[in-house]
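Given the coordinates of chain Y, assemble chains V, W and S onto it according to the supplied hints.
Protein chains: 4
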Amino acid sequence: MTRKINIAVIGTGRMGSVHVKNIARSVPEANLVAICDIRLEVAQAVAKECGIQRVVKDYHELLADKNIEAVLIATSTPTHALIIKDAAAAGKQIFCEKPLALDLAEIDEALAEVEKAGVKLQVGFNRRFDKSFQKVHEIVSSGEIGHPCILHITSRDPEVPAMEFMRVSGGMFLDMTIHDFDMARFQVGEIEEVYAVGGVLIEPELKEFNDTDTNIVTLKFANGAMGAIDNSRKSVYGYDQRLEVFCSNGTAMAENKKENVAVKGNPEGFHSARVPHFFMNRYAPCYVEEVRQFIECVRDDKPTPITGKDGRAAVVLGYAAGKSLRENRPVKVSEIG
Amino acid sequence: MTRKINIAVIGTGRMGSVHVKNIARSVPEANLVAICDIRLEVAQAVAKECGIQRVVKDYHELLADKNIEAVLIATSTPTHALIIKDAAAAGKQIFCEKPLALDLAEIDEALAEVEKAGVKLQVGFNRRFDKSFQKVHEIVSSGEIGHPCILHITSRDPEVPAMEFMRVSGGMFLDMTIHDFDMARFQVGEIEEVYAVGGVLIEPELKEFNDTDTNIVTLKFANGAMGAIDNSRKSVYGYDQRLEVFCSNGTAMAENKKENVAVKGNPEGFHSARVPHFFMNRYAPCYVEEVRQFIECVRDDKPTPITGKDGRAAVVLGYAAGKSLRENRPVKVSEIG
Amino acid sequence: MTRKINIAVIGTGRMGSVHVKNIARSVPEANLVAICDIRLEVAQAVAKECGIQRVVKDYHELLADKNIEAVLIATSTPTHALIIKDAAAAGKQIFCEKPLALDLAEIDEALAEVEKAGVKLQVGFNRRFDKSFQKVHEIVSSGEIGHPCILHITSRDPEVPAMEFMRVSGGMFLDMTIHDFDMARFQVGEIEEVYAVGGVLIEPELKEFNDTDTNIVTLKFANGAMGAIDNSRKSVYGYDQRLEVFCSNGTAMAENKKENVAVKGNPEGFHSARVPHFFMNRYAPCYVEEVRQFIECVRDDKPTPITGKDGRAAVVLGYAAGKSLRENRPVKVSEIG
Amino acid sequence: MTRKINIAVIGTGRMGSVHVKNIARSVPEANLVAICDIRLEVAQAVAKECGIQRVVKDYHELLADKNIEAVLIATSTPTHALIIKDAAAAGKQIFCEKPLALDLAEIDEALAEVEKAGVKLQVGFNRRFDKSFQKVHEIVSSGEIGHPCILHITSRDPEVPAMEFMRVSGGMFLDMTIHDFDMARFQVGEIEEVYAVGGVLIEPELKEFNDTDTNIVTLKFANGAMGAIDNSRKSVYGYDQRLEVFCSNGTAMAENKKENVAVKGNPEGFHSARVPHFFMNRYAPCYVEEVRQFIECVRDDKPTPITGKDGRAAVVLGYAAGKSLRENRPVKVSEIG
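Residue numbers (the numbering used here), protein chains in the order written: chain Y, 1 to 337; chain V, 1 to 337; chain W, 1 to 337; chain S, 1 to 337.
Simulated from the structure, these hints should not be mistaken for laboratory data. Be careful, since some hints might not be right.
Stated by the list, open to error - Calculated lysine-lysine pairs in the BS3-like style (CA-CA distance at most 25 Å, straight line):
(1) S:Lys207 <-> V:Lys21
(2) W:Lys332 <-> V:Lys323
(3) V:Lys131 <-> V:Lys21
(4) S:Lys48 <-> S:Lys21
(5) V:Lys48 <-> S:Lys131
(6) S:Lys131 <-> V:Lys131
(7) Y:Lys332 <-> S:Lys332
(8) V:Lys21 <-> S:Lys48
(9) Y:Lys323 <-> S:Lys207
(10) S:Lys57 <-> V:Lys4
(11) W:Lys332 <-> V:Lys332
(12) W:Lys4 <-> Y:Lys48
(13) W:Lys323 <-> V:Lys332
(14) Y:Lys323 <-> S:Lys332
(15) V:Lys4 <-> S:Lys21
(16) W:Lys323 <-> Y:Lys48
(17) Y:Lys21 <-> W:Lys21
(18) V:Lys21 <-> S:Lys21
(19) W:Lys4 <-> W:Lys302
(20) W:Lys131 <-> Y:Lys131
(21) Y:Lys302 <-> Y:Lys66
(22) S:Lys302 <-> S:Lys116
(23) S:Lys207 <-> Y:Lys332
Stated by the list, open to error - Not close to chain V: a few residues of chain W, all C-beta gaps over 10 Å, as computed:
(24) Lys21
(25) Arg25
(26) Ser76
(27) Glu208
(28) Phe246
(29) His271
A virtual CB, placed ideally from N, CA and C, is assigned to each residue, including glycine.
Chain Y with its partners taken away, still in its complex shape (with noise of 0.2 Å):
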């Protein structure tokens, strides 16, 4: 029998207590041994719903642990890149939630640091193991529709998070789009030049801090396909995530899953449900598969399938899309860094 992997998590929130759930029940390829929340008694509710022996406030002591081989970090970002260093510096296998981190300085330093460790690392860009849109991968990338041409992303969030929530999160490119960016990488390869346009048409409040909730960013990728990516902050139809992959011999796409297959007909027409409204529905096996193929790559020492660049690459494009919003110009992301 293969041998499972020792994993800590690190921030048990929102969604560090996913992971916590999923790597308990569903990823036999690796045993939970211990969690850490400098919130303590959050941990601790966590442990004990899923039956984790050994709670931690301070991740120093499960660094210092041999027996722990690799860890996860769902804490809040601006602690992610000081974390990743810590992990890195003491041989760890990191798998850690996006964004890597705001600061570009800082992601350089904690990527510098786990390539001098020689550790993995893996982003936790959830969307990428879902079945549609790796079903779409395999179709692109099998050259069977001949060479990309045009991307087009859909996303669009059920509602405005709250207000204490949008003034720390970073923007709406840093914060949401910057899924559809990884995508977009994910689906047809490396993008050199980003053009924005955005604005307020849905909460006023957020003019106050120079944030928008409804934007487009066009691409230009590197093999000369483009894209068209648009998003609004508030989808009163569900979590609306979409994507096509048009190719010079055909094109395909992620249309969304309903919250359920029934459909009423009646004198108006035909009728059937919302999507889902909540992102942890709509992508919940992918937050088990991202962790379980970590794992395998641990156990196998294989290369993550999400790398340290593909996180830095992300934010980078977040700053590009601010930079071009603000400036009303396409921008390269060569003149971000």
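Below, chains V, W and S without anything else, positioned relative to chain Y:
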């Protein structure tokens, strides 16, 4: 250039006038040289609209005209058999609206005359010419998905016809299900036994003359396959016309076409259009295509795609279903004759 | 906080082990205190995986435990009735997998004991808990689209089960159609008469023991509605589970869910995924929800959503369909008992 | 009875002959009294097929005829402006195919003459008359789903036109995207700024004359909404025509119509038909409806649904997109004039 066939239309009421317009405008293979209706003024109005030169009241005039090679009969059902006999005796090629007749003896006499005269006879089962049903037929008959196992036809009218029509319609099996019997034979083959359930669930007035508005007919085919036809006189979301031929290695379905392809999303879900309300909209291209193919068969001396035998078989199945409903038992088609 | 219900699972084979995992992980309203299997090592393996403390070989031990309030029976069908009787006599609340038994006398004895003991009994017709079928039920029972006229259920397994299973399955109507009979009763109401056609169109070996692999059962409901269930043992495009309740002012349908929502377009047209192959995937959330609701009913002393009477009715319909097929005539449900 | 409008068609090539047939057969509100083509024999052939009595070579003859109230101009683009001017001066009501002209000065002269003469001018943006796009317009303009936020138009031709046409087409933005610019204005309103990316990804020969075969144009609307149009010259699965207007409280989409509604299921999944290959099939009913409404406007002295201003605006947007692509920067519509 290939020669054109001179044709005349007998009966210019609802269906007849559609045929006149279609032949005049959309069947370049034919010359529509004359039209006929016992209500001369009806025929004259149609002639004016379509630019037809010759209008007569008595169809015998047309049968006597050596210049006319083919006739299309769209008079009221009770006159079909007689006109077929006369037309066959006059050596005309014949297209006749469905049903051939409601009386089997009359049908047999007419078919005998057709055979004796050696003329062609095509019956107006227009649905066989629907592109989607033809595609299903093509898939199934190619054998690529194995042999047929289960047929399901959903065939529901948008509204209960006027009671004065219902009283003389011959009943739901002969007026409405007859199309589905023909479709079942087209898609899967000969039917040996039927079992019908039915009731009055929509329009209580129908009870007066023992008709039904809702029924399901179970079919046993000679090749071992089985089927169910479900019918209703009132489908509020439009004229519902679907079918599935489930086979040993796959399935072939024809879904409904909607009135338009717009979709609205709102907090309640997604909303799309009804299916077209009117059978003449739904099957408009079929009325052209059936006549076009008839003309082609006459011109090139090929067998017609739907024969007198097909016309008779559907009527026999209607009687078998009626008997089954009355006696509440499966009825062999051979019991009818 | 509301109290948790102590439950034990009897039988930890294929279905039983699913229930064990579900209760342990996803039914927080229950304490799974013990599991039992006559093959002790089978139960032990399941216990280990799910962290269950107590494992026994003889279910009588569990019935004797005053601490256990409810049992879930997932043993082989021939033992259901006996264990129900024993569990009822011991005052346990009972969830039993379908079918209750294949012998009506046994069922009646078991139900009598349940009634005498005043305990609850829920039968495992999991499909009633499917979100789409529930939505259809909600639409239809609200009356917003009028009264039911026509029910159509399409229910097709992906593959013919192993012959050793088929020989003891009780036949297609009792093993497979039984779910559809229950669904028909759930959606439309009591059934008074059935007519079945069936045949061996896929797997010739079935002829040896007079089973079928393809059938259509026509239903007459007490409320005047009518229905057709079509079944096949082999649907190569996946586990096909659809239904429609056509009503006097509209229709309510449940379509298939596909494995993913990717669509490929190429010169041949558009191509989308199969439906999931395995019934446990298709109905996974239902297995959780049926037990969750059972636990809730026990806790709050409410009637169970599916009763012993429902379990019996579906078996009776299975026998009626079998009799109808053998005698090729409609059979009243009252003929069976 | 309402009076009929006497109309003449000038130019009987590809589009003109379609208009002739449509008016003759399907616009009973009009009398098609004459047709005209500089290639007289072309016009004569069309006249023969459609039963038109009068055929002329020089359109001035028609303009001199007091009996003719309206003209439909379907000559080659370079002649549009001149004929409009002459027709306006002669007091004719005018329907002109798109584009009005490729030269803005010419357009302005023609529109000035139209205004001076006080005649009506309708431009042939046929797609506005598509039932599905009209339904989207109706939903959006009703306000029931809030205000528009994001427009997305997917508009892809099935095949690269012949190179001899491409060389004189005016380029992709003026030949193809022009329809989408008009659709964008129809659905959402005035456009203030555009940004275009584009490339040659399909047909290398296009590089010779600086045309593109693939592009995305980002739009900023005066009302704050934003949009993206994506175009390709080669969509192998058919003529792809979709759009979505995403609004603050919902969304309205128009999907593609497929060639038929048959679906095949097999072990690989489900397979449905392509979308129609030819724009004249896709939009056939629009060509009738646009002329019918024009005739109605003439008869009832109402403003035409599409005006000279609309025709000009779409050309301006084409130039703005071209400038944006060449200069790789967003271009204000006001820069063009």
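Okay, the hints, checked on the actual structure:
no. : hint                  : verdict
1   : S:Lys207 <-> V:Lys21  : violated, 49 Å
2   : W:Lys332 <-> V:Lys323 : holds, 19 Å
3   : V:Lys131 <-> V:Lys21  : holds, 21 Å
4   : S:Lys48 <-> S:Lys21   : holds, 11 Å
5   : V:Lys48 <-> S:Lys131  : violated, 30 Å
6   : S:Lys131 <-> V:Lys131 : holds, 21 Å
7   : Y:Lys332 <-> S:Lys332 : holds, 21 Å
8   : V:Lys21 <-> S:Lys48   : holds, 18 Å
9   : Y:Lys323 <-> S:Lys207 : violated, 32 Å
10  : S:Lys57 <-> V:Lys4    : violated, 31 Å
11  : W:Lys332 <-> V:Lys332 : holds, 21 Å
12  : W:Lys4 <-> Y:Lys48    : holds, 16 Å
13  : W:Lys323 <-> V:Lys332 : holds, 19 Å
14  : Y:Lys323 <-> S:Lys332 : holds, 19 Å
15  : V:Lys4 <-> S:Lys21    : holds, 21 Å
16  : W:Lys323 <-> Y:Lys48  : violated, 56 Å
17  : Y:Lys21 <-> W:Lys21   : holds, 14 Å
18  : V:Lys21 <-> S:Lys21   : holds, 14 Å
19  : W:Lys4 <-> W:Lys302   : holds, 15 Å
20  : W:Lys131 <-> Y:Lys131 : holds, 21 Å
21  : Y:Lys302 <-> Y:Lys66  : holds, 21 Å
22  : S:Lys302 <-> S:Lys116 : holds, 18 Å
23  : S:Lys207 <-> Y:Lys332 : holds, 24 Å
24  : Lys21                 : holds, 32 Å
25  : Arg25                 : holds, 31 Å
26  : Ser76                 : holds, 31 Å
27  : Glu208                : holds, 18 Å
28  : Phe246                : violated, 6 Å
29  : His271                : holds, 13 Å
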